[in-house]
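All chains should be built: construct the whole structure from the sequences, respecting the hints.
Chains as they are written, first to last, in my numbering: chain A, 92 to 563; chain B, 240 to 636.
None of these hints come from the bench; they were simulated from the model. Keep in mind that a hint or two might mislead.
[Said to hold, decoys possible] When the alpha-carbon atoms are kept at most 20 Å apart in a straight line, the in silico SDA-like pairs for lysine to any residue are as follows:
hint, chain 1, residue 1, chain 2, residue 2
1, B, K372, A, W446
2, B, K378, A, N440
3, B, K417, B, E304
4, A, K189, A, N121
5, B, K372, A, S502
6, A, K317, A, R483
7, A, K399, A, M416
8, A, K399, B, T280
9, B, K584, B, L601
10, B, K372, A, D267
11, B, K541, A, V433
12, A, K317, A, N121
13, A, K501, B, K462
14, A, K189, A, S129
15, B, K347, A, S129
16, B, K347, A, K187
17, A, K187, A, Y159
18, B, K378, A, W446
19, A, K472, A, A443
20, B, K245, B, Q314
21, B, K347, A, S502
22, A, K273, A, Q326
23, B, K263, A, Q435
24, B, K536, A, L120
25, B, K347, A, T208
26, B, K297, B, T280
27, B, K452, B, K462
28, B, K541, B, T280
29, B, K536, A, N121
30, A, K501, B, K372
These numbers were taken from a predicted model, which means no experiment stands behind them.
Each chain, letter by letter, is given below.
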Amino acid sequence: MDKSNFDVVVIGAGPAGYVCAIRCAQLGLNVACVDAWSDKNNKPSPGGTCLNVGCIPSKALLDSSHHYSFLANHAADHGITTQQCEIDVAKMLQRKNKVVKTLTTGVKGLLKNNKVTFVHGNAVIKMGKEVHVSTHEGDQVLVAESIVIATGSKPFELDFLPIDQKQIVDSTGALDLKQVPKHLGVIGAGVIGLEMASVWGRLGAKVTIWEAAEQFLPTVDKDIAKQASKILSSQGFDIQLNSKVQAATKSKDSVSVTVVNAQGESQTEVDCLLVAIGRVANTENLGLSELGVTQDSRGFVEVDAQWKTNIEGVYAIGDVIGGAMLAHKGSEEGVALAEQLVNQYGHVNYGAIPWVIYTWPEIAWVGETEQKLQSDKVEYKTGSFPFMALGRARAMGETEGVIKFIADAKSDRLLGVHIVGPNASELIAEAVVAIEAELTVEDLARTIHGHPTLSEGLHEAALDLDGRAIHF
Amino acid sequence: MTVDIKIPEFSESISEGTISTWLKKVGDYVDEGETLVEIETDKVLLEIPSPVSGVIEKIIKNENEIVNSNEVVGQLSESSQKASQENKSAATDIVEEAVAVNEPAGYKKTSPAVRKVIAERNIDIADITPSGKNNRITKQDVSTSGSKQAKPNVVNTPISTSSSGNDVERVPISSLRKKISDRLVSAQQEYAMLTTFNEVNMSEILSIRSKNKDKFLEQHGVKLGFMSFFVLAAIEALKEYPVLNASVEDSDIVYHRYVDIGIAVSAERGLVVPVVRHADAKSLSSIEVEINQLAAKARDNKLSIDELIGGTFTITNGGVFGSMLSTPIINPPQSAILGMHSIEKRPIVVGDEIKIAPMMYLALSYDHRIIDGREAVLFLSRIKKIIEDPIQLLLHL
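Structure follows, in structure tokens:
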């Protein structure tokens, strides 16, 4: 068998894996990156869940459906009239696939330019720091000083709800529905559920969301979650909290969903049911149990603060170790681990990770929530500013939402920023920098923000924390 | 597990050494291969790498004490903990401080880039004077602050316009650098050193190289460079003018019947001159391979004492850094050194025509006490002739 030596072999070319491989190469290490993802023609398609069936394709559909929604509902306010607004689902999916293809090809190019050896196939880790890969051209053995597991995660499936990707779908199937369902049922009001509900809801589907938890978006700041719930409900989302799906029966054209809540048991007919109740580690057939790598009950690989598993020379990063399942968290772990492998100091500040939910308006936040500070008994101050008081938001016709600032009561250090509003995903970046740099809210209040911009909302919220907002 | 830190076997010509510097102290964590201690012998400075990764438990022989072959000078307690982990503990404190909500009075603010430098250089945040707004430590504050390796002294010079004293940085001279400087100064003072120059047309060598470089790489695993050609040319010339291969010992001239050629290599910590032994009995390809191996070892600080001592003649190539012309200093106790330089296309006169040719200046510094100008000049022109017509190497013309 073909045997080659490397300093590092990274298994998985998702946002954690390929970024780690590139950073290792930049630092002078000899790196191989193994990835099993194939496109329809059995060609490699690196980029992991994020590029293939996650962040990127969902944003392509969210943008398409957002344009549709604007033309159908808001264009007339701007004096733009259209004869009839129609959606060609096949074309929309085609565009999405093209976006994915362009970006996965881009990753291939990046790996190549950085002289990372890319191997397409399924990897198994063996004793003696060997990674065996079965490729189309036969088996290969990669021997490495360090092995990085970055195999990501996959949707969690319920036993009584087998995914057929037609009537009962997971996030992958929801990105590829051939027509707009009349009634889309969604199990789970998390990020994926809300985003997919947004896509198909904007295109005309009736949306019902069942969430087992008592609270809507419990990890989001309570004021923001409340606002978001109000806005989404007004958009026609039927969000039922405290509701557990117990069974689903498929017939030719529909799925009958049995839901139990405080009112008792009820039946709802939907023509498509999305299961979005979380994700589990993707470690099947990787040889982890044979190697003795410790995993938790949900299969997540256990690592220490340096991303080391219990096996010498084997590391894990990204979704496969659990925690925040975010591409940018995985990428940052990839960079930090690479730097650590060459004895630099690599670090990820888990307290300063931006979170985004791509509903419209968008929800984004960084740092601590008010409820968390209350339970931690930290003294804090808050300030907020509504988008409706902002010139630019008015001009855009996007006046829904609010920005909330939380600071330490004594030191004025910025502890958290929470936004529901237009372009919240982009606005949050300023707050992330501010928290990383340990800025006080006054620092932001004394920083000039351009006018008229949405970012003025951040400025005003900072001023409001000191009771001196100008425009509200 | 406790592991001994042992002095390696000295070569025959060295009887003992002195501990010049302990680079680590008790309690320090070291990675395998990291230099622990420097031993000075009368010939070279020897670096003792750590046999394992671990923490230094005990130092048995202190600085300036005399040590012999195989003597144990200290002990390590082996542990697989990585240096980054050690850094981590220091750094975690900083990060925790960063998350701590109630900042104590005088709290110093940091940013991600600053936290990285502080952790990597293992600096105590208390030693840093913040220059930023609101008690903020800037990246520059860290780079000029009390690191353990480099301690800059703030000097109040009247011309300094900066109040923070960032205009100077004081770094102690390393023992290797000191050794280099002592030898260079002694050569300058004791020798009657003189330099002669010539120039050489590199067309032939360049064409040999471009014709054969792929095959050579395939066959020998290293790139075909110029250095081996100059080594062979020097050997031919040294055979004709053996006094350039000799050295002065007291009142005698010692002629060597072999040629050990030192090749000057620039390593991170300073210049080292590993030796290609019995180069006169070796082929061009094996010399090229050996030079590559020695250079790689030099860069990794892995040269053994045997690879550094001896040497009857030295070649140095200032051309790798782009030097057009320089006067190399003799490596004592040798009597001559050949300096190569960068290749530049220049107009030259061939017959009655002006042509463009790839030219290199050659410099030969020699000890005039035992070498006459005539021998030095003829020696250098012999090298020139061989390089311009390398077939002479084959025919021993």
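What hints, given by number in increasing order, does this structure fail?
1, 4, 6, 8, 10, 12, 13, 15, 16, 18, 25 and 26
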